[in-house]
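The chain contents come next:
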Amino acid sequence: MNTAVEICGVKFKNPVMNASGTFGSGMEYSELVDLNRLGAIVTKGVAKVPWEGNPTPRVAETSSGMLNAIGLQNPGIDVFIERDLEFLKNYDTNVIVNVCGHSVEEYVEAVERLADCGNVSMLEINVSCPNVHEGGIAFGTDPRALEEITKAVKKAARQPVIMKLSPNVTSIAEMAKAAEAAGADAVSLINTITGMKIDIYKRSFLLANRTGGLSGPAIKPVAVRMVYEAAHAVKIPVIGMGGIATAEDAIEFIMAGASAVAVGMMNFHDPRTMLKLIEGIERFMEEQGIDDLSEITGIL
Amino acid sequence: MISEKAVVIEKEQLAEGIYGVWLKTAAAAEARPGQFVMLNTGSEAHLLGRPISICDIDREGGSLRLVWRVAGYGTGEMSRLESGDGIDIIGPLGNGFDISVAKGAENIAVMGGGIGAPPLLGLVRALHEGGAENVDVYLGYRSAAAGLFLAGEFKEFAAVHIATDDGSEGTHGTVIDALRSGGKQPELIYACGPMPMLKGIKQYAEERLIPAYISLEERMACGVGACLGCVVKTRFKDGHSQVENARICTEGPIFAAKDVDI
Numbered sequence: 001m002n003t004a005v006e007i008c009g010v011k012f013k014n015p016v017m018n019a020s021g022t023f024g025s026g027m028e029y030s031e032l033v034d035l036n037r038l039g040a041i042v043t044k045g046v047a048k049v050p051w052e053g054n055p056t057p058r059v060a061e062t063s064s065g066m067l068n069a070i071g072l073q074n075p076g077i078d079v080f081i082e083r084d085l086e087f088l089k090n091y092d093t094n095v096i097v098n099v100c101g102h103s104v105e106e107y108v109e110a111v112e113r114l115a116d117c118g119n120v121s122m123l124e125i126n127v128s129c130p131n132v133h134e135g136g137i138a139f140g141t142d143p144r145a146l147e148e149i150t151k152a153v154k155k156a157a158r159q160p161v162i163m164k165l166s167p168n169v170t171s172i173a174e175m176a177k178a179a180e181a182a183g184a185d186a187v188s189l190i191n192t193i194t195g196m197k198i199d200i201y202k203r204s205f206l207l208a209n210r211t212g213g214l215s216g217p218a219i220k221p222v223a224v225r226m227v228y229e230a231a232h233a234v235k236i237p238v239i240g241m242g243g244i245a246t247a248e249d250a251i252e253f254i255m256a257g258a259s260a261v262a263v264g265m266m267n268f269h270d271p272r273t274m275l276k277l278i279e280g281i282e283r284f285m286e287e288q289g290i291d292d293l294s295e296i297t298g299i300l
Numbered sequence: 301m302i303s304e305k306a307v308v309i310e311k312e313q314l315a316e317g318i319y320g321v322w323l324k325t326a327a328a329a330e331a332r333p334g335q336f337v338m339l340n341t342g343s344e345a346h347l348l349g350r351p352i353s354i355c356d357i358d359r360e361g362g363s364l365r366l367v368w369r370v371a372g373y374g375t376g377e378m379s380r381l382e383s384g385d386g387i388d389i390i391g392p393l394g395n396g397f398d399i400s401v402a403k404g405a406e407n408i409a410v411m412g413g414g415i416g417a418p419p420l421l422g423l424v425r426a427l428h429e430g431g432a433e434n435v436d437v438y439l440g441y442r443s444a445a446a447g448l449f450l451a452g453e454f455k456e457f458a459a460v461h462i463a464t465d466d467g468s469e470g471t472h473g474t475v476i477d478a479l480r481s482g483g484k485q486p487e488l489i490y491a492c493g494p495m496p497m498l499k500g501i502k503q504y505a506e507e508r509l510i511p512a513y514i515s516l517e518e519r520m521a522c523g524v525g526a527c528l529g530c531v532v533k534t535r536f537k538d539g540h541s542q543v544e545n546a547r548i549c550t551e552g553p554i555f556a557a558k559d560v561d562i
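Residue numbers (this note's numbering), protein chains in the order written: chain A, 1 to 300; chain B, 301 to 562.
Quick caveat, the hints were computed from the structure, so don't treat them as lab data.
Since the model is a prediction, treat every value here as computed from it, not as a measurement.
Keep in mind that a hint or two might mislead.
[To be verified] Simulated restraints, written as ranges between beta carbons of each label pair: (1) A:A181 x B:P494: 51 to 61 Å; (2) B:V401 x A:R144: 52 to 62 Å; (3) A:F284 x B:K533: 42 to 52 Å; (4) B:D385 x A:E174: 49 to 59 Å; (5) B:A444 x A:R283: 35 to 45 Å; (6) A:T211 x B:K499: 21 to 31 Å; (7) A:A181 x B:K499: 48 to 58 Å; (8) A:L300 x B:K533: 42 to 52 Å; (9) A:F284 x B:E360: 40 to 50 Å; (10) B:P511 x A:K89: 35 to 45 Å; (11) A:T211 x B:E360: 48 to 58 Å; (12) A:M1 x B:A345: 41 to 51 Å; (13) B:D385 x A:F87: 31 to 41 Å.
[Claimed, not checked] Counterexamples of contact, computed for chain A against chain B with all Cβ distances above 10 Å: (14) E28; (15) D92; (16) G118; (17) D142; (18) N168; (19) R225; (20) A233; (21) M255; (22) M265; (23) Q288.
For each residue, glycine too, the CB sits at the ideal point set by N, CA and C.
Here chain B stands alone, though its shape is the one from the complex (with noise of 0.2 Å):
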């Protein structure tokens, strides 16, 4: 874990509202797919750093790719970064997906919606790289006009499946209803997108005893375990908290599905 200045060497936007940085940093040496960073754009107003997902990882170059939605006041001060502008960063923070889980696995799907797709590129990457085969990417959307944002980089490294919410690309549904469509039943399911994606993911995965690994998030303050603001209602007894709580910054942002109450 590592706070300092990165610095943005390129700035791209793709789509409505979706924005994206490649950033030099030393964060990048110890990265994984699955994990976070806290961005602080050191205003004197909003003095909270904003929890943005890796989206991919560059160790040789030494640099992190963030994609985020604007949402509000940090995300909208983080899509006016130019190339050359420093940012506070701290990290690379939380778990990070578990890829050795993959191993032996045939026919894994990788479901992300909307702005939960950005953490899944490194993900597939990383599957890819370690020989996975036979990974379905499962891509929903607003709407083809609303911009399918990083679909046609899914598809270097696996098939993509898009669903959006009006039927104006691919299945007209849920990424859980393309994966219905698609008639073939997963074997691992990796996740992250809005509450009631997951929620419907869970209980698909739970139905049929598939492992499912979810990417969740929650408003946070610190990112590094210490305030205890952003916690998951877990279903056993953590060991950090002593408690049937799991803080998603630390023991998360990834959970395995069965593992918490969502």
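If we strip away everything but chain A, and leave its shape as in the complex, we get (with noise of 0.2 Å):
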């Protein structure tokens, strides 16, 4: 039986990694869950300077899930190169660096620091945060400028490019096509979907930023949907995430087309998530007498 993967010419041991924001640079969770034992770790967005993000409150419990307005606090690339990146060489795991930018500009200069860096396996450009105004979704929701954004990335990048879809979109099957066209390696999808929620008795938002990303299991059949789109309409490799929390849940989205998968909201929930995942896949494949993951992965 085989849970590994090849995605872009790069060997994952198994499909399953984190959602970028969910687990910090994994330092933060090295106390409870064995790195090693995961497909990918995908880093914080990071971006050329340090972001101060959004004011708090920045979270609020859902039904099922969760509001954030992080907006993309991170510590600049080169405090991420020296600390997270050099902490992360200590693990025998992919190493994805989510990045992100306010310009073209500023996500090429953070994608040219990272060229050197040995132990990167793979970028994603964050292109769909739905709480920073400038960059983020802005270029995630119009399919000029994706396509503008990842030929720019591209040009720059030495490692394999995701690009990281937002779901807040009409048509994600052609926003797919868009990163596919402009030579985007993988896509990577779904970002958070934008909500809203009100504290009726004072009267006022839970979160300073109005609005926030929502994640967790209550948006994983509109992440399942929006990944089988996806994975129609373009040829590349499709990584899965949206609300994923069991191996049950991981393998609907591979058959919906997903090459690998990642937990983001359920880390919070249960640190050892992932770690159930990966026992969890193995179980169902033995199960269902399936060697390969390729024999299920796009079935449907």
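With the hints as a guide, bring the two chains together.
If you want it as structure tokens, here you go:
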């Protein structure tokens, strides 16, 4: 039985990774989770310079999910390379660095800084954060802007490039095609869905940013549908995420066309969620007589 | 830091809406006063853990005492825990109180407002065991009728001064009013309570150049420093974030009052 997968020439020991922003750079959870067991660690979005992020409250619980409006607070690429990437050298797992920016130039500068970092397996370009007004989602909701940034990043990148897509669009297929046409090596989806929560007693918004990104099991059916649509629209690999809590959830995404899957909010609920997925996927393959995940990837 | 299923040894109701448990957990081995744990009831609708401060530590017995006010679903579910029940715990988390700064300090004021009192009990016990004398505890409550929870237990270790919003017990007003009416100026302050109280203590301490350590809270998702949900504005660039933001769950929850913008 083989749980290993290969995406854009990069080998993963299993198809399970975290969704960016829900696992820090692995360091924060390293006392609770054996990072060596993960298919990859996807680091929290990092920009050319440090970002302050949004005012608090930045998070709110919702039914089977949560809203967040962190605003991509990050320490900047220099400290990230010296501290976080250095830390990850101690582990035998792929590192996928999520990159954010306010402009094409800022994305490109961060990507250029990562070019010589030996332990970076892939880049994931965040063009879909709903909580940052300039950059972020602006690139992820207009196919022409998405093509422009994909081309610019691809030109600068030494590692395979994953474009992380926003669900806050009319046609996810059109966005996936735009990324593919511009040279993206893979796409990942979905990022969070824009939402809002109101405190009826205080007559105010729960989040200081008013709106935030919804994640967690509440969004899973939306994510499965979008992964299915994107996988049918493009030939490049799709990494699926959105509310995955169990191995059964992960297998839904794989059958819908995902070559790998990421766990987001559920890392907060139970830090062992990714490990449970890895074990559960193996169990499912054994029960169903599946030798290789490719047998069920995109079968629908 | 550990993540496991803790077991309820004992459950108590201290006042209307105020509950406590002693939990058998490996987290007790390394816990310090002022730290907290994340408790998760396992609901499929309410997925995030609840950050609850550590009230007291029984290291030999391997257990932690937690006391909380019912504020919503999670704390409501927790109030229905009974002896023998299991609950998911991650902890201990955060920095805890720095007790070394109390060495040699005379007149230490420990100030708690409402549900800010519980984490101070473990602190006062530790100060007492460390030989600190002249510890005065100021506790603020809504009213005598609503319950002066834990006040009696603090008396084992220190002089206790009560303030109530309605004047039904002790000083009529806040813990700062109680401190002022005592006439004794502290050399060091530890505090935990609602934000208006902490702002008042920060101002009181800064005007008099008294070091003050305050325990902050904020809505948080992970509790371990990964999500960056629970930050506080800081006066200086924070080493981890590289901006003027520190994580309450990790760099805190205890901060020098002068270092944070609240």
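Quick rundown of the hints versus the structure:
1. A:A181 x B:P494: 51 to 61 Å: The hinted range 51 to 61 Å holds for A181 (chain A) and P494 (chain B), with Cβ atoms some 55 Å apart.
2. B:V401 x A:R144: 52 to 62 Å: Taking Cβ atoms as reference, V401 (chain B) and R144 (chain A) lie about 59 Å apart, which means the hint holds.
3. A:F284 x B:K533: 42 to 52 Å: holds, 47 Å
4. B:D385 x A:E174: 49 to 59 Å: Once the Cβ atoms are compared, 51 Å apart, the range 49 to 59 Å for E174 (chain A) and D385 (chain B) holds.
5. B:A444 x A:R283: 35 to 45 Å: Check failed, 58 Å falls outside 35 to 45 Å.
6. A:T211 x B:K499: 21 to 31 Å: Distance hint for T211 (chain A), K499 (chain B) holds at roughly 28 Å.
7. A:A181 x B:K499: 48 to 58 Å: At roughly 55 Å between Cβ atoms, K499 (chain B) and A181 (chain A) fall inside 48 to 58 Å, so the hint holds.
8. A:L300 x B:K533: 42 to 52 Å: holds, 49 Å
9. A:F284 x B:E360: 40 to 50 Å: 45 Å Cβ-Cβ, so the 40 to 50 Å window holds.
10. B:P511 x A:K89: 35 to 45 Å: Hint holds: Cβ distance 40 Å, inside 35 to 45 Å.
11. A:T211 x B:E360: 48 to 58 Å: holds, 50 Å
12. A:M1 x B:A345: 41 to 51 Å: For M1 (chain A) and A345 (chain B) the Cβ distance comes to about 35 Å; the hint is violated.
13. B:D385 x A:F87: 31 to 41 Å: Holds, since D385 (chain B) and F87 (chain A) (Cβ atoms, about 38 Å apart) stay within the stated range.
14. E28: The claim breaks: E28 (chain A) does not keep its Cβ more than 10 Å from every Cβ of chain B (closest is about 4 Å).
15. D92: holds, 21 Å
16. G118: holds, 23 Å
17. D142: Fine: 28 Å to the nearest Cβ keeps D142 (chain A) off the interface.
18. N168: holds, 21 Å
19. R225: R225 (chain A) is indeed farther than 10 Å from all Cβ atoms of chain B, at 21 Å.
20. A233: holds, 31 Å
21. M255: Holds: least Cβ distance 23 Å, greater than 10 Å.
22. M265: Answer for M265 (chain A): violated, closest chain B Cβ roughly 7 Å.
23. Q288: holds, 25 Å
Against the hints set out earlier in the document, violations occur for numbers 5, 12, 14 and 22.
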